[in-house]
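Trainee: Generate coordinates for the entire structure from the input sequences, incorporating the hints supplied.
Number of protein chains: 2
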Amino acid sequence: MPWSTISGSWNSPRVDLVIDMGNPFLNRSVDGFLKIGVVGATRVAAEEIYHCIRKGHASKNQAQEALKNMCKEGAYWGSIAGVYVGMEYGVERIRGTRDWKNAMIGGAITGGLVSISTGKSKDAVFIDAITGAAIATAADFINQLT
Amino acid sequence: MPWSTISGSWNSPRVDLVIDMGNPFLNRSVDGFLKIGVVGATRVAAEEIYHCIRKGHASKNQAQEALKNMCKEGAYWGSIAGVYVGMEYGVERIRGTRDWKNAMIGGAITGGLVSISTGKSKDAVFIDAITGAAIATAADFINQLT
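Residue numbers (the working numbering), protein chains in the order written: chain A, 458 to 603; chain B, 458 to 603.
Watch out, some of these pointers could steer you wrong.
Just so you know, same-sequence chains aren't split out, so a pair can sit in one copy or run between any two.
Computed list of lysine-lysine pairs in BS3-like fashion (alpha-carbon distance at most 25 Å, straight line) [claimed, not checked]: (1) Lys558 - Lys517; (2) Lys558 - Lys512; (3) Lys577 - Lys517; (4) Lys558 - Lys579; (5) Lys529 - Lys512; (6) Lys512 - Lys579; (7) Lys512 - Lys577.
Don't read these hints as lab results, they were simulated from the structure.
Mentor: This is the structure:
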């Protein structure tokens, strides 16, 4: 009698939404906005779920507040990522090479723009640009290591 | 008469320090510590130089303070990067695959460890782990986009 075998596999859910804006610069920015926006919103969701479990109950008001925070943080993370991805791509096209300096320049522009958009002073904008450049460079280096 | 040409090229300085600890896990961690430590220290240096230019003068005390801050921030950035790179590598070895989930798990462990080391409460450690996971996942996604 032949043996019958049962085999199964499990894959984590994978959603890939592609929106074609007809321009590689815009495509990347929108892609970055959506993907990182989802990560930012998920972070808030995970935090809110943890708080609910700790307290042992959840109210309708809390759920509404959580949803509002998810949208807010998702839009914030997404905007920063969208600007960064677009800038990094632009710098790469202008410079014609791919290295950590693209990340540094892209990070500096993004840090400065985010700072300007929140109405900070000239000094703070410059400091935020430096911080943005440092974070983007560090992320690029870490990416090369892993 | 033949033409004589002069050609020149300029390369940005490149320093690569490799320390072999005899273990791939440790090698990566030390590499991450050094590289990201330098980035963190450079950030402080750039900030201090900007402040000096704005004020128009620099004192010996300020220079000492700047050096102290550079060492402090370099060590802080380096430690976080070293732990993250090591953890990400460890997770990759255990799971046997390379995807964004390694970054997420590595980020969560790093966020939690950093939080524990600064003596935060259990709740804060969990929230920091969630934030670490979100930041690492976002950085991994951005890296795939750029």
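Trainee: Each hint: holds or not?
Mentor: Status of each hint after checking the structure:
no. : hint            : result
1   : Lys558 - Lys517 : neither (48 Å within a copy, 32 Å between copies)
2   : Lys558 - Lys512 : neither (47 Å within a copy, 29 Å between copies)
3   : Lys577 - Lys517 : neither (36 Å within a copy, 30 Å between copies)
4   : Lys558 - Lys579 : within (24 Å within a copy, 39 Å between copies)
5   : Lys529 - Lys512 : within (24 Å within a copy, 38 Å between copies)
6   : Lys512 - Lys579 : between (44 Å within a copy, 14 Å between copies)
7   : Lys512 - Lys577 : between (38 Å within a copy, 19 Å between copies)
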